[in-house]
Each structure stands twice: as C-alpha cells, then as structure tokens.
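Enquirer: One letter stands for each residue in the lines below.
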Amino acid sequence: MSKSKETPAAKANAPEPSYLTAKSGLMSWLVTVDHKRIGLMYLAATLFFFLVAGLLAIALRTELYTPTQDFMSAATYNKVFTLHGAIMVFLFIIPSVPAALGNFILPLMLGAKDVAFPKLNLLSFYIYCIAAVMLVTTLFLGSLDTGWTFYTPYSKSTGTAVIMATMGAFVAGFSSILTGVNFVVTVHKMRAPGMTWNRMPLMIWAIYATALIQVMATPVLAITLFLLIIERTLNIGIFDPALGGDPVLYQHFFWFYSHPAVYIMILPGFGIISELVTVHSRKHIFGYRAIALSSVAIAVISFIVWGHHMFVSGQSELAGIVFSFLTFAVAVPTAIKVFSWVATLYGGSIRFNTPMWYALVFLWTFTVGGLTGVYLGTLSVDVHLHDTYFVVAHFHYVMVGGTVVAFIGGLFHWWPKMFGRMFNETAGKISALLVFIGFNTTFMTQFFLGHQGMPRRYYAYLPEYEVMHQVSTIGSWILMVGLFTVLGTLLHAIKYGAKAPSNPWGAVSLDWQTASPPIEHNFHDTIHVTGSPYDFPEIDKSGAHH
Amino acid sequence: MSSTSAHDDEERPWFLAHHFDTVGQQVSAAKLGMWLFCCTEVLMFSGLFLAYFIIRTLYPEMVLGASEELNKTAGGVNTIVLLTSSFTMALGVRAAQTNNQKALERNLLITIACAFIFMIVKYFEYTAKIEHGLLPGNWYAAAEHGYMLPKYSRVFFGVYFTMTGLHGVHVLVGIGVLSWIFIRARRREFNSENYVAVENAGLYWHIVDLVWIFLFPLLYLVK
Amino acid sequence: MSLVYLNGKPVDHPHENHHHVSPVWQFTAVFAALVTLTILTYLVSYAGLGSASLPVAMAVAMVKASLVIAFFMHLFYEDRVYAFMFLSCFIFVAIFFTFVLFDMHTSAEMNEEAGIHYKRAVEDSAEQADTNRAFDAPAPAKAGH
Amino acid sequence: MINFSMMFHGQLGMLGVPPEKLGTPPMSDSPWQLLPSASNHAASLDNLYVFLTAVCGVSFVVVIGAMVWFMYKYKYKSDKDRTSPLTHNGKLEFGWSAIPAVFLMVFFVWGEVGFVNMSSPPADAIDIRVTGEKWKWTIEYPGRSMASTIEVEGGEVAPYLIVPLGQPVRLTMTSKDVIHSFYIPAFRVKKDVVPGRYSTVWFTAIEEGTFPVFCTEYCGDEHSSMLAVVKVVKPEEYKAAVEAATVLEQGASETAEQFGEKVFKTFACNSCHTVDGSAKVGPSFKGVVGRTENLADGSSIVVDENYIRESIYQPNAKVVAGFTPQMPTFAGQINDEQMNALIAYMKTLK
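Chains as they are written, first to last, in this note's numbering: chain A, 1 to 546; chain B, 1 to 223; chain C, 1 to 145; chain D, 1 to 350.
Calculated directly from the structure, the hints in this document are not laboratory data. Worth double-checking, as some hints may not be accurate.
To be verified - Selected chain A positions facing chain D (in silico; Cβ < 8 Å): (1) Asp70; (2) Phe140; (3) Ser143; (4) Gly147; (5) Trp148; (6) Thr160; (7) Pro247; (8) Ile321; (9) Val342; (10) Leu345; (11) Gly348; (12) Tyr461; (13) Lys495.
Predicted, not measured: the structure shown is a model, and the values here were computed from it. Ideal Cβ placement from N, Cα and C applies to all residues, glycine included.
Just need the whole structure built from these sequences, with the hints factored in.
Expert: Rendered as structure tokens:
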C-alpha cells in the first residue's frame with residue numbers, strides 16, 4: 001500500500017533508538033506521554049487484573065465441582081463471583097483491547113506520531129489506576145456481593161461496600177470516556193496524508209466505532225452509578241420502591257450503558273480478527289466496506305436493544321417485543337462479519353502462525369456465541385433461558401471466546417512489533433490448542449446446564465446437574481493451563497526470543513512499516529498512503545484466478 | 001509526490017505540539033475533542049432529566065405540588081444571569097479572535113462575575129429550602145416544618161437537589177476554568193491565531209448554560 | 001511541497017482554520033431573543049396552560065438551546081462534523097427517553113387491562129381508606145396507664 | 001380483578017431449602033434431553049427451540065465447514081503461492097445478509113407469538129398468590145389462611161405449589177424486599193418478582209409430576225436455597241391436596257402444648273407478643289393467664305380462656321391500657337383445635 005519515501009537526509013541519520021530504550025528510568029515511564037509506553041502500562045495493568053479475576057473464576061468453578069458447599073460459604077461465593085464479574089468487565093475487558101492494544105497500534109496504523117491528546121491519554125491511564133485501587137479497596141471494606149450489575153434494591157440494602165465499588169466503576173467510566181474522546185479525535189484528525197476513510201485498516205474502524213460508543217454511552221453509566229450512590233447514602237427514592245421509586249428503572253438506566261458496553265468489549269476483537277485473517281492468508285479482506293460499515297451500524301444499533309436484558313424483568317411486554325425485534329436487527333451486521341472473514345480465507349495462502357490459530361479459534365467460538373445469542377433474542381425461548389447457565393455460556397463465548405481469544409491473537413500478532421522479539425511458535429500453538437479445548441469444555445456444557453434449567457449465581461445446586469458441572473470445572477482447569485502457557489510464551493519471548501524483523505508477517509498496513517520496536521516518534525518521515533492496507537504483494541493481479 | 005519530513009526546519013509556532021503537523025490540525029483536534037466532551041455532558045445530564053420525567057409520569061400531582069415550593073423569581077433571575085454570562089463569553093471569544101486584548105479580559109471578568117452571582121442566588125435558595133426542611137432523602141422534613149406537601153414529595157426534592165447540585169458543581173468548575181483562562185489572557189497568551197483554549201472554555205460554559213435552560217422551566221415553572 | 005493533505009484528502013488550499021468572526025450585533029440580537037423568551041416562559045407559567053404547558057415550555061427551551069448552540073457556540077459556522085457529532089448525541093438521548101417512557105406507559109396500560117395495579121397504588125389507597133375510616137369512627141381507645 | 005386485600009402471615013421460620021434436600025425427581029437423565037414438557041407453554045416453546053437448534057446447527061456446520069475446508073485447501077505451500085484478488089461480491093453479500101434476516105424474522109415472529117400467549121392469561125384462570133422474600137417463597141391459595149408447604153428431606157419445609165392438571169393457573173406475585181424471579185423449568189415460565197409491583201405468570205399444566213421451582217434473580221446469601229416444589233395433580237384431587245398442604249393439625253406424637261407453640265409461631269404471634277415479659281406491639285404472653293389487666297376503658301379484667309379467645313377473634317373489643325388497637329382479627333383462621341392448643345401453650349408461659 002504505502003511507500004515510505006525516505007529523503008536522503010533521513011537515510012544518512014544513524015539508527016534512532018526504539019521507544020523502549022530512548023529514555024530510561026522509572027520516571028521516564030511514569031510521566032511518559034508516548035502512546036506506546038502508555039499502551040504497555042495499560043497492558044501490564046489489564047493483564048494483572050485478568051490474572052486476578054481469572055483465578056477467582058477458577059475458585060468459583062472448583063466450588064461448583066460438587067452440588068453442596070465445599071470450601072466457600074454462600075456469602076463468600078457471592079462476593080467472589082461479584083468481584084470476578086466487576087474486575088473482568090471494568091478493569092480488564094473494557095480497557096484491554098482499546099486502551100492497551102489500541103493505544104499501541106492506533107497511531108502506528110494511522111501513520112501518526114501520537115494520539116491527538118497525549119497528556120489526556122496518560123491522565124486516563126492514571127484515572128484507570130485510581131478506579132482499580134478503589135475496586136480493590138472494596139476487598140478490605142467487606143467486599144461486594146451485588147453482582148457486577150448492582151441491581152437495586154439489593155444494592156441498596158446489602159451491607160457490603162457498594163459505594164466504594166460503584167465509585168470505582170464510576171471513575172473507570174471517566175477513564176473510558178477520555179480514551180474514547182482521544183481515539184475519535186485521533187482517527188478524525190491524525191490520519192497520515194492519503195489515508196482516506198476507505199483506506200483505513202479495519203482495526204481502526206473497529207476502534208473508532210468502539211470509541212464512539214464509549215463517548216456516547218459511558219456518561220449514562222456515570223449518572224446511573226451517581227444516582228445509585230446518592231440513593232444509597234441519602235435515600236432520595238428514585239429506585240427504591242419503599243420510598244416511591246421503581247427498581248426496574250435502574251435496569252433501564254444500567255443497560256442503556258451496559259448493552260452498548262458489550263460492543264465496547266467485542267468490536268475491537270472484530271478489528272483484530274479482520275487484521276489476522278488477512279495478513280496470515282495474504283488475502284485482501286472480503287467485503288471491506290461491509291465490515292467497516294457494519295462496525296458503525298453495530299455501534300448505533302447497540303443503543304436500541306438494551307431491553308433484551310429485561311424480557312422477564314417486569315418491563316412491559318410491548319417494549320419487550322420492540323426490543324426483541326431490534327435485537328434481531330443487530331444480528332445481521334454481525335453475521336455479515338463472520339461470513340466475510342470466512343470468505344477471506346477463500347483462495348488465500350494460509351500460514352498457520354499462532355495468531356492465525358487464534359483467529360480460527362475465534363471464528364469457531366464467536367460463531368457459537370453469536371448463534372446462541374439468537375436463542376436469547378427470541379422472546380419465548382428467552383423466558384426459559386434467561387438468568388440460567390445458558391446466558392452464562394453465551395456471554396462467555398462472546399467475551400472470552402470472542403474478545404479474549406482475539407486479544408491473545410492480537411498480542412501474538414503485535415508482540416514482535418511491541419518488543420522486537422519473536423515468540424516460540426510451538427509453545428504458541430500448544431497454548432491455542434489448550435485454550436480451544438479448555439474453553440469449549442468449560443462453556444459448551446453450560447449451554448446444556450442452562451437448557452436443563454440450572455439458574456445462575458447458585459453456589460449449591462440440585463444433584464442432577466452434578467456431572468455437567470464437573471465436566472465444566474475440569475475444562476476450566478485446562479483453560480487455565482492454556483492461558484498460563486500464553487503468558488509464559490509471551491514473557492519468554494521478551495527476554496529470550498529471537499530478534500524480530502520489522503515486518504515478520506509480511507503485512508502491508510503502516511504499523512509494520514517502521515522498525516520493531518518502533519522509534520519514539522513512530523516514523524522517520526511523514527508517510528503518504530496511496531492504497532488499501534490489504535494490498536498484499538502475493539495477490540495475483542494477472543487474472544490467473546478465475 | 002514528495003514527503004514532508006518531520007525533521008524539516010519549518011517554522012513551528014511555540015504553541016504547536018510536537019505530534020501535530022499544522023496549527024490547523026491542532027486547533028481542529030482540540031475543538032472536536034471539546035465537542036465530544038460536550039456530548040458526554042449532554043448524555044450525562046439526560047439521565048437526570050429522564051429521572052425527572054419518570055417521577056413526573058409516576059406522580060404528576062406530586063411534582064406540580066412540590067414544585068410550587070421553589071422560588072420562581074430566583075430561578076428566573078439566575079436564568080438571566082447565566083444567559084448574560086453566555087453572551088459575554090461569546091463576546092470574549094470574539095475579542096480573542098479579533099486580537100482585542102482589553103475586551104477579552106473584560107468579558108471574561110464579567111462572565112466569572114455572573115457565575116458568582118449565580119452561585120450566590122443559589123446559596124440563598126438552598127438556605128431557604130434548608131430552613132423549611134425541604135431537603136433530599138434522609139433530611140427531608142417538610143412535615144416537621146409544618147408543610148403539607150403531597151406524598152412522595154421527598155422524591156421531587158431529591159431530584160431537584162441532584163439536578164441543581166450537579167449543575168452547581170459544573171458552575172464551580174466553570175469558575176475555575178474561566179479564572180485559569182483569564183490568567184492566561186492576562187499573560188497575553190491568546191491572539192487571533194491561538195485562541196482555541198478560550199473557545200473551548202466558552203463551549204463548556206455554554207453547555208452549563210444549556211443545561212440550565214432546560215432545568216429552569218422543568219423544575220420551577222411547569223404546571 | 002506539491003501536495004497538501006487535510007484529513008487524509010489532498011486539498012488545494014491548505015488554510016484549514018478559516019476564522020469566522022460573528023459580528024457583535026448578531027450576539028446582541030441572540031441575547032435579546034434569549035432574554036425575551038425567558039421572560040415569556042416566566043409569564044406564561046402563570047397563565048395555566050394545563051396539559052399544554054409542558055410541551056410549550058419544552059418547545060421554548062429548545063428554541064433557546066438552538067440559539068445558544070448555533071450562535072454562541074458557533075456551531076452554525078463550524079465544520080459539519082462537529083454538528084453531526086453533537087446533534088447525534090441528542091438522537092441517543094431521544095432513544096433513551098422514548099424507550100424508557102414507552103415502557104412505563106405501556107406497562108401501566110397493559111396492567112390496567114389485566115386488572116393489576118401498582119402495588120404502591122393499592123397500598124396508598126388502602127392507607128387512604130384507613131385514614132378515612134379513622135375520621136369517620138370515634139377516636140380509638142388509647143389511654144395512659 | 002384479584003382480591004388484593006388477602007392478608008399475609010408469617011410462615012414457620014425457614015431460610016430457604018438447601019438444594020440437596022429438595023428431593024424432586026431429576027428432570028432429565030442426559031444433557032441432550034429436553035426437560036419434561038409439563039405445561040402448555042413448554043410444548044410450543046420446545047418446537048421453537050428445536051427449530052432454532054436445527055437452523056443454528058446447520059449455520060454452524062456451514063460456516064465452520066467452509067472455514068475448515070479453506071484451511072485445508074488454501075494452506076500455505078510455498079512462497080510462490082499467489083492468492084485470489086477477490087475483494088467483494090455484491091450478490092453473495094446481499095445473499096448472506098438477506099437469508100439470515102429472513103430466518104431471524106421467522107424466529108422473531110414465532111417467539112413473539114409464544115411470548116404474547118405467555119403474557120395473556122385466560123379469564124378463568126385459578127388465582128394463586130406468590131410472595132418472595134429473602135429467601136423463601138410464600139404460596140397462598142384463595143380462601144386458605146395458611147401458606148402452602150410440604151415437608152421435604154431432612155425435616156426441611158419447602159413452599160409448595162399445587163396445580164390441577166389441565167386448568168389454567170395464574171400466579172400473582174410480589175416481593176417484600178429485593179427482586180426475585182419465579183422460575184419453573186418444567187413449565188418454561190419465569191417472571192421477576194419485583195417489590196412495589198405485581199407481576200403475573202400463567203400456565204396450564206399438562207403432565208402430572210413433581211418439579212422444582214427456582215429463584216433466578218440473584219437475591220443475596222441464600223439465593224441458591226430459595227427453592228420450592230410444584231406438584232401437578234389430577235383436577236379431582238386438587239382441592240383436597242391444597243387443603244392438606246394448607247392446614248395446621250396436631251400431629252399424633254405432639255402434645256397440645258407443643259402444637260400450640262407451632263400455632264403461635266405459624267400465625268406469627270411472636271412478631272407482636274413476646275414470651276419473656278417485655279412489651280412489644282402487644283402485651284407479653286409471659287404469665288398472661290391469670291394476670292389482672294387494666295383495660296383502656298378504665299375497667300380491669302382477669303385474663304382467662306374466654307378473654308384470650310375473645311381477644312383473638314375480636315381483638316379491639318377489650319384493649320389493654322397502654323396499647324393501640326391494631327391487632328387484626330384471626331376469626332376464621334384459627335380453628336377450635338388450634339385455639340385450645342394455643343391456650344394450652346400460653347398456660348405454660350409462666
């Protein structure tokens with residue numbers, strides 16, 4: 001696509017140090033405004049919380065190995081699943097792809113020197129840290145047992161640290177808003193010369209759509225949590241039925257943000273997959289325009305489907321019917337994406353590198369996740385499946401099988417760019433296999449549990465569900481081993497990996513047109529873009545195909 | 001096709017950040033960012049407005065009865081005060097655009113003064129409410145102060161204090177932002193090429209005004 | 001420098017930020033209109049328009065808001081992207097309001113059809129009945145020791 | 001119109017039933033099996049469920065099959081590989097947007113019809129009241145003063161919903177504290193039970209059997225023990241079954257005093273009257289029999305069996321000085337046998 005036209009003067013320059021070595025010392029990291037370093041700091045923080053929340057999940061699954069109470073009391077179980085959810089959602093998934101990976105590669109892909117507001121970028125990282133500290137502090141204030149959704153009136157009456165937790169989520173929301181504003185402006189204003197909207201990599205489209213949702217939806221979460229806090233402290237009576245309020249309204253307020261938030265979590269994953277399937281099959285993406293526009297379409301439609309979380313909540317049946325209809329409308333752009341990715345493989349030259357294995361795992365798991373979403377959007381079927389393990393399995397297929405798998409694939413894909421080191425391919429492939437097997441064993445069984453009526457958030461259950469719970473628990477241990485293999489492989493690469501070339505995968509997008517790791521200001525020269533980011537040299541232009 | 005190298009010895013104005021190529025790019029980025037921030041403010045307040053409409057739907061008579069207790073004249077005066085401050089703010093931006101240093105400082109000062117007047121009027125309103133026990137939530141004590149208000153009136157005062165309180169916080173933040181802009185203006189940092197900070201502070205201030213334009217009739221006036 | 005790009009597109013005239021300076025009389029006129037409308041709403045509130053008062057007040061507030069946005073905030077003269085972004089957020093607000101209020105109204109209606117009332121309403125009317133009874137009957141026996 | 005004036009009474013103090021003690025027969029033996037279709041909704045919903053599974057299964061096989069086939073067919077062979085220049089295909093893209101859209105509309109309409117049916121109870125449905133609170137259900141039948149319960153394994157007492165085969169039943173539900181959700185998997189019905197609101201579900205049971213009821217909206221510590229049992233009986237057995245589940249009778253091995261204590265707790269007398277001498281809403285029962293009370297009208301009375309009986313059936317006739325007349329009448333709720341046992345129990349409180 002693009003050719004970096006180096007001026008003679010630039011060529012004469014001695015090789016510039018990379019962003020990792022340009023400055024040294026702890027302070028050079030703490031006060032950096034370099035998007036790459038901020039991205040890495042986000043990465044370290046989000047992976048830490050992924051580890052914490054992941055271990056909590058393993059504890060939950062282990063408790064569920066038998067139908068009766070094992071090593072956790074009911075109260076402890078409730079606190080652990082709440083923390084698992086809250087940390088995963090607010091501290092891991094929402095910032096993972098956009099803030100960690102996105103921060104690193106967005107300006108690189110755009111051919112920009114940095115994001116539009118570098119200081120704001122650093123500020124949003126520190127706001128995120130404050131939020132993380134607040135959420136962790138709840139552990140010392142009696143923890144939290146409301147579930148990550150903070151439903152009223154339970155969250156109003158429980159004795160746990162609801163205020164600290166909601167303030168943490170509130171602050172995390174600000175971090176998310178600032179990142180969103182920053183990215184929208186960056187995409188609008190910082191594109192390299194010649195990078196028209198139609199020449200943007202699909203990863204950028206996905207991050208752009210995500211950032212739009214962050215800007216438009218998160219303020220509503222902020223005000224919802226604010227109202228919850230004053231409701232709990234002052235009893236003003238908006239959500240509390242005893243004082244004249246209505247608890248179902250809280251659900252409306254909450255899901256108006258939190259449904260779009262689901263797409264904050266998954267859209268960047270879509271972007272990563274679009275990059276992975278093209279680069280590793282050396283094929284132009286199939287249906288560029290459809291994928292790009294469907295990202296924006298999903299972003300907009302995601303705002304009008306929140307009621308499908310409330311089909312049995314006491315929302316009016318008429319509203320339920322409208323929301324069900326709109327929910328099916330959001331399924332179409334999602335289906336288009338999956339078909340387009342599979343079609344991209346057609347006629348390619350598929351290299352089974354580790355990132356590609358993760359992309360293929362994603363296609364499997366996300367297809368399952370998407371199709372089971374259709375069950376839940378169907379009104380009468382949802383009445384049966386709502387708040388059962390079917391829902392648990394569905395959103396884990398989308399969030400873990402979708403976002404996390406894409407995120408890991410993206411990490412493997414961009415790791416050579418981030419650290420200038422290649423990882424061990426064999427270990428990477430083994431990790432993909434373990435994740436695939438472990439994940440499907442854990443969550444496929446939960447679909448069966450759900451359609452057999454097993455409700456969510458039960459620490460003890462009827463004996464008839466025991467066998468499937470045991471299979472699921474064993475799967476979760478395999479998944480854990482797989483994820484630790486991922487971590488080990490990546491960390492090993494930083495220290496012992498072979499030196500990576502600037503473009504190990506033969507990609508065309510701008511992020512690969514600079515050194516690995518990149519120099520501090522990304523590019524020596526302003527890059528001029530003249531074509532598509534998917535115009536691989538391997539593509540046969542002679543007309544021999546067809 | 002040639003390229004512009006970052007290492008060219010172009011004339012870069014002092015206020016142009018390293019990662020932008022032109023002043024125009026920097027200015028339009030800053031403005032777009034500010035507009036997006038305005039969007040988030042609108043959406044955030046929309047939640048409170050929705051809460052208001054909901055209690056109005058649930059208890060129409062209660063809202064009408066309870067809103068009678070608010071001081072319409074104080075609200076009206078405050079509306080005029082805020083509109084005036086918006087007007088002078090717009091003139092201030094214009095003064096920066098036209099290099100009119102004196103007018104810029106003067107208009108900023110008037111704007112800040114109006115913000116203070118707004119808060120003072122608010123203070124008297126709140127004091128009156130406190131005296132009558134018309135307070136949000138736990139502190140609501142209308143009956144003890146001899147007020148026979150409709151049932152659930154405390155919900156109305158909860159929403160009233162939340163809305164005006166959050167708006168008041170925005171006014172206070174606005175005072176801070178405008179004072180900072182005023183100090184920078186005194187240092188003669190702004191001119192017809194570099195005034196985007198004034199403009200963005202202005203956008204923020206207009207949003208504060210905008211919210212009040214809706215708050216006033218809904219809380220104070222509507223029967 | 002043969003080709004200059006703006007927002008990714010080649011442009012002939014690289015002067016991106018043309019400053020539009022509005023005349024003072026325009027600001028003054030807008031201000032006058034805003035004050036007039038405020039006084040108008042204030043006076044109308046005493047007129048007692050009944051059920052029309054909310055739509056009228058909202059309409060006037062929207063006119064005022066539009067004036068502020070278009071002229072004070074200068075949106076009328078800006079890049080259309082800003083207008084698109086800012087106005088689209090009102091679409092989301094409208095979605096939010098419409099669906100929630102739609103749910104409230106329809107569930108009230110459907111419950112009424114099915115003969116179900118808000119529990120609160122039932123309790124309130126029971127309370128009301130109790131109070132009425134208390135007024136009808138002689139004061140209940142309640143004496144000291 | 002439902003009669004909302006029905007009074008609620010406390011039940012035997014029970015904080016949920018541990019799932020392993022519920023003792024309902026397993027609903028299915030294998031994960032592939034559908035649950036018993038024990039209600040009219042289940043039958044129609046299962047058809048849709050199977051249809052959905054068929055369509056989604058075929059879609060999955062097509063998508064993943066294509067993926068696997070391409071993986072095999074187009075795998076990297078050498079650096080001389082040349083790839084297809086294909087970038088889009090309008091007809092194909094239209095096709096794979098339109099065909100799913102058609103199927104999705106079928107799902108929507110089918111699901112919507114079922115949902116509307118689930119939300120429209122027939123006029124002749126039997127009305128049963130359900131109240132949720134942390135962490136138990138209270139199930140009450142019209143005309144029965146006692147909540148319906150059944151003793152399950154280990155002496156635990158579970159709420160007991162009895163429904164007649166083939167007759168529509170409507171549950172009108174509300175919550176006393178937080179949101180709960182009433183879920184009968186075998187009937188495929190579920191509805192949140194919201195404080196401050198009434199919500200309803202209805203169904204017609206079409207299969208005899210005993211099935212579990214779950215709370216599916218997280219409600220705190222003992223959420224997983226907030227269970228109940230639903231039993232479908234033949235219509236001719238219904239009345240007797242309900243009566244049997246909603247009575248309070250002296251057991252063969254119980255003394256009158258023991259039974260009286262059960263009555264005392266069942267009717268929640270202890271929420272107003274203590275047995276330790278301290279006054280609550282009403283006078284304490286400690287040493288009440290034989291005590292001389294000053295009444296609110298200035299006279300005094302020696303508490304005997306007649307006075308107790310009168311005070312329970314006409315509570316406000318003779319109010320003890322210092323207390324407000326707010327006790328509800330228990331006439332028609334406490335029968336003679338229970339009354340005698342209660343008095344026998346009160347006599348033991350010295």
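Enquirer: Taking the hints in turn, state whether each one holds.
Expert: Now the hints, each set against the structure:
1. Checking aspartate 70 of chain A against chain D by beta carbon gives a least distance of about 13 Å; that is not within 8 Å, so the hint is violated.
2. Of the supplied interface hints, the one on phenylalanine 140 of chain A is violated, with its beta-carbon coming no nearer than about 20 Å to a beta-carbon of chain D, more than 8 Å.
3. Checking serine 143 of chain A against chain D: minimum C-beta separation of about 13 Å lies over 8 Å; hint violated.
4. Nearest Cβ of chain D to the Cβ of glycine 147 of chain A: about 5 Å, under the 8 Å cut. The hint holds.
5. Proximity of tryptophan 148 of chain A to chain D is violated relative to the hint, the smallest CB-CB distance being about 11 Å (cut-off 8 Å).
6. With a cut of 8 Å, the hint placing threonine 160 of chain A at the interface with chain D is violated, because the nearest CB-to-CB distance is about 10 Å.
7. Here the hint on proline 247 of chain A is kept, as its CB sits about 6 Å from the closest CB of chain D, short of 8 Å.
8. For isoleucine 321 of chain A, the interface hint holds, since its Cβ comes within 8 Å of a Cβ in chain D; the closest pair sits about 5 Å apart.
9. For the restraint placing valine 342 of chain A at the interface with chain D, the shortest Cβ-Cβ distance is roughly 5 Å, inside the 8 Å limit, so the hint holds.
10. Given the 8 Å rule on beta carbons, the hint for leucine 345 of chain A holds: about 4 Å separates it from the nearest Cβ of chain D.
11. For glycine 348 of chain A, the suggested interface contact is upheld, since its CB lies about 5 Å from the closest CB of chain D, less than 8 Å.
12. The interface hint given for tyrosine 461 of chain A is met, as the beta carbon of that residue sits about 5 Å from the closest beta carbon of chain D, less than 8 Å.
13. For lysine 495 of chain A, the interface hint is violated, the least distance from its beta-carbon to any beta-carbon of chain D being 29 Å, above 8 Å.
Checked against the numbered hints listed earlier, the structure breaks hints 1, 2, 3, 5, 6, 13; every other hint is satisfied.
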